[in-house]
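Novice: Listed below, chain by chain, are the residues.
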Amino acid sequence: MSLNNVRLQKVVKKQSVYKVKANLSMYSSLIVIQLLALLFSLGGTGTMGTSSVGYNGITIRLFSADIVIVFTMIWGFITAIMLTTKAYKEDEFIFVTNRLTSNLSNIIFLFVASIFSGITAVLSGYLLKVIMFSFFNYEFLHAGTSSEFGIFISGLLTTILYVFMFSSFGYLIGTVVQLSKMFIIIVPVVIIGGVYLLSRINQDVILDIGSFYFLESNFFIALTKIILTAGICFLAAIFISNRLEVRK
Amino acid sequence: MNVITCEGLKKNQRKVRALSDLSFTIKENTITGLIGRNGAGKTTLLKILAGFWRESSGEVKVFNQHPFNNLYVSANTIYVDDQMSFPASLTLTEILQEAEVFYENWNGKLAKRLFDYFSFHPEQQHENLSKGKKSTFNMIVGLASRCALTIYDEPTTGMDAAVRKDFYRALLRDYLEYPRTIIISSHHLDEVEDLLEDVLLLQDGSKCLHLPIDELKDYAVGLTGRTEMVRQWIANKEVFHTNNIGAGTTYAVVKKEGIPLDNARQLGMETTSVTSSDICVYLTDQTKGGIDDVFK
Amino acid sequence: MIHSDGTKPIYVQIAEWLETEILNGHFKVDEKVYSQYKLAEMFTINPATAAKGLNILADEKILYTRRGLGKFVTNEAKEIITDKRKNQKLKGLLDEVALEAEQLHVREEELFSMLKESMEKRKGDAK
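Top to bottom, those sequences are chains P, W and H. When the letters of the first sequence are read in order and numbered with the UniProt record's numbering, they come out as residues 1 to 248. When the letters of the second sequence are read in order and numbered with the UniProt record's numbering, they come out as residues 1 to 296. When the letters of the third sequence are read in order and numbered with the UniProt record's numbering, they come out as residues 1 to 127.
Please keep in mind that the hints were generated in silico from the structure rather than gathered at the bench. Treat the hints with care, since some could be wrong.
Stated by the list, open to error - In silico DSSO-like pairs for lysine-lysine, Cα to Cα no more than 27 Å straight-line:
1. W:Lys256 x P:Lys21
2. W:Lys256 x H:Lys89
3. H:Lys61 x W:Lys255
What the hints assert, rightly or not - Partner residues are not named here, just some residues of chain H that face chain W (Cβ under 10 Å, in silico):
4. Pro9
5. Phe72
6. Thr74
7. Ile80
8. Gln103
9. Leu104
The structure presented is a predicted model; accordingly, all values stated were derived computationally and were not measured. Backbone N, C-alpha and C define an ideal beta-carbon position, used for all residues, glycine too.
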């Protein structure tokens with residue numbers, strides 16, 4: 001009998017590679033969702049119209065990848081929930097693993113997925129503009145964020161991290177549901193009920209939460225906020241799932 | 001060296017007691033048969049040993065470590081059953097390649113040869129396999145992984161007779177070449193008994209017997225004779241089973257140890273040996289008369 | 001050759017099979033017999049069971065052990081086996097015959113003549 005000693009990092013690395021390969025179907029769902037979002041964006045995300053005497057009037061349309069980014073965040077959220085379901089857990093507990101390595105490799109997988117989907121989401125904004133310019137004869141007033149490389153990179157980074165943060169929400173919720181099926185009902189009730197209650201007490205709270213994450217003007221503070229939130233969610237998920245039984 | 005030690009192991013599932021006060025040890029490099037009726041706690045025990053489930057109380061050690069959520073135990077253990085599921089996006093060949101990444105002792109040559117022998121298609125998907133083919137594929141993963149502790153939970157589900165025979169032979173030959181600790185749970189003791197060194201018999205979540213298979217075969221003896229005589233003779237002995245056959249004749253199974261068999265033969269009773277699987281059935285029967293009691 | 005129907009433990013069957021091989025001259029004096037692993041592979045049985053069979057023969061001085069080399073046939077092997085079979089197997093069979101005869105109320109003389117008859121028949125077959 002020869003017993004093998006294994007190192008945590010090594011197993012996490014193997015599992016991460018395995019998950020990227022095993023979950024290929026998630027990428028095809030991403031492509032479908034982003035194409036769909038792109039289609040919705042063709043109508044423009046904002047319109048300004050003016051008309052004055054003597055002119056036919058001009059219409060200014062705003063084309064951006066915002067819808068694609070929002071859809072991608074939802075995709076990250078749902079993908080993360082799926083990773084916590086029984087079916088996925090059974091696939092991964094076939095091979096060498098424990099709860100910690102499984103969670104860590106899931107987080108790495110979600111991060112890789114966030115990078116990939118973030119890049120495609122941001123680039124789809126340019127695709128959208130190219131389409132409008134080439135096929136619909138729109139004149140550019142302003143090409144948008146493409147002008148400066150620094151802004152492009154910071155926009156890309158924040159998009160990736162937003163997707164990552166949303167996947168951390170999904171991961172936490174999915175893990176909590178694994179504790180007991182009751183949470184399938186309790187979680188939405190608490191979230192929707194909470195939002196309703198908060199808005200009754202103080203309507204601004206919801207807006208405050210939104211602006212806390214999305215309207216932070218300092219790039220680095222924004223990054224810190226997102227990373228901290230995601231980190232807390234993932235840590236909580238790891239803590240909860242450490243006592244869960246698998247292959248029931 | 002003991003690979004597995006259980007001491008007062010208990011497991012409750014909701015309010016039902018699945019295992020109660022189970023204590024046993026399993027030595028290194030032995031093949032043990034885990035036998036018991038449906039619901040005796042076989043799968044519960046095996047899933048605890050594999051680290052999937054957590055015991056409710058008592059002590060369990062695998063390779064001297066607590067198995068639940070343990071990476072070291074997981075790296076040296078494989079649990080094979082008919083519920084194994086693999087990612088749908090991987091083909092059978094890719095699954096074997098992934099298994100090779102995870103299991104250090106993986107024998108790729110053996111896996112490939114078995115794969116070809118049982119004529120699997122490299123591009124096939126696991127979920128599209130028939131029940132028997134799935135079991136066969138899982139068996140290949142179990143054999144090739146060469147884990148120090150290899151657990152087969154009802155490995156032959158759905159396999160036809162020829163494949164079962166091949167599986168048992170493959171299991172034994174690979175064990176001879178590369179000894180390791182193997183536990184097989186099965187309903188078919190008669191099929192696996194030749195492979196086994198020890199038998200662990202469970203009844204209602206606790207240990208009924210744990211002994212070498214050869215001793216199990218010698219554990220009990222069957223007596224056939226006139227009802228009154230058999231009744232009288234077995235009165236002060238440990239009786240596992242009695243059955244009336246025809247008018248005035250009774251068949252009884254009693255513990256063999258310390259029984260004056262010559263005396264029984266002189267009295268005109270016929271003594272017969274009892275197969276190990278029959279002994280197991282009689283030992284774990286709820287009622288002494290078996291299913292016939294229902295029709296009384 | 002090996003039956004797992006439970007009539008006889010496998011290790012006894014292994015021991016008897018090896019005895020027959022020795023009687024038939026497949027293993028000569030001081031020749032090495034199959035190892036427990038070889039036997040396990042030949043009959044698809046657990047090597048521990050095979051070892052038990054070999055140990056029975058070693059206990060009965062039919063085989064002897066050379067450390068690290070395996071088990072070998074002793075000088076007296078054939079003699080011991082013949083003797084054993086005469087005393088045990090034949091005697092056991094005769095016990096059964098006696099019991100059966102008693103149950104069927106067959107008299108002694110009748111039984112003897114039946115035995116004589118079947119011995120003569122075998123002799124005739126041999127010619």
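Novice: Hint by hint, say whether it matches the structure.
Specialist: Status of the hints after comparison with the structure:
| no. | hint | verdict |
| --- | --- | --- |
| 1 | W:Lys256 x P:Lys21 | 59 Å, violated |
| 2 | W:Lys256 x H:Lys89 | 21 Å, holds |
| 3 | H:Lys61 x W:Lys255 | 31 Å, violated |
| 4 | Pro9 | 5 Å, holds |
| 5 | Phe72 | 22 Å, violated |
| 6 | Thr74 | 24 Å, violated |
| 7 | Ile80 | 23 Å, violated |
| 8 | Gln103 | 8 Å, holds |
| 9 | Leu104 | 13 Å, violated |
Going through the hint list in order, the structure does not satisfy hints 1, 3, 5, 6, 7, 9.
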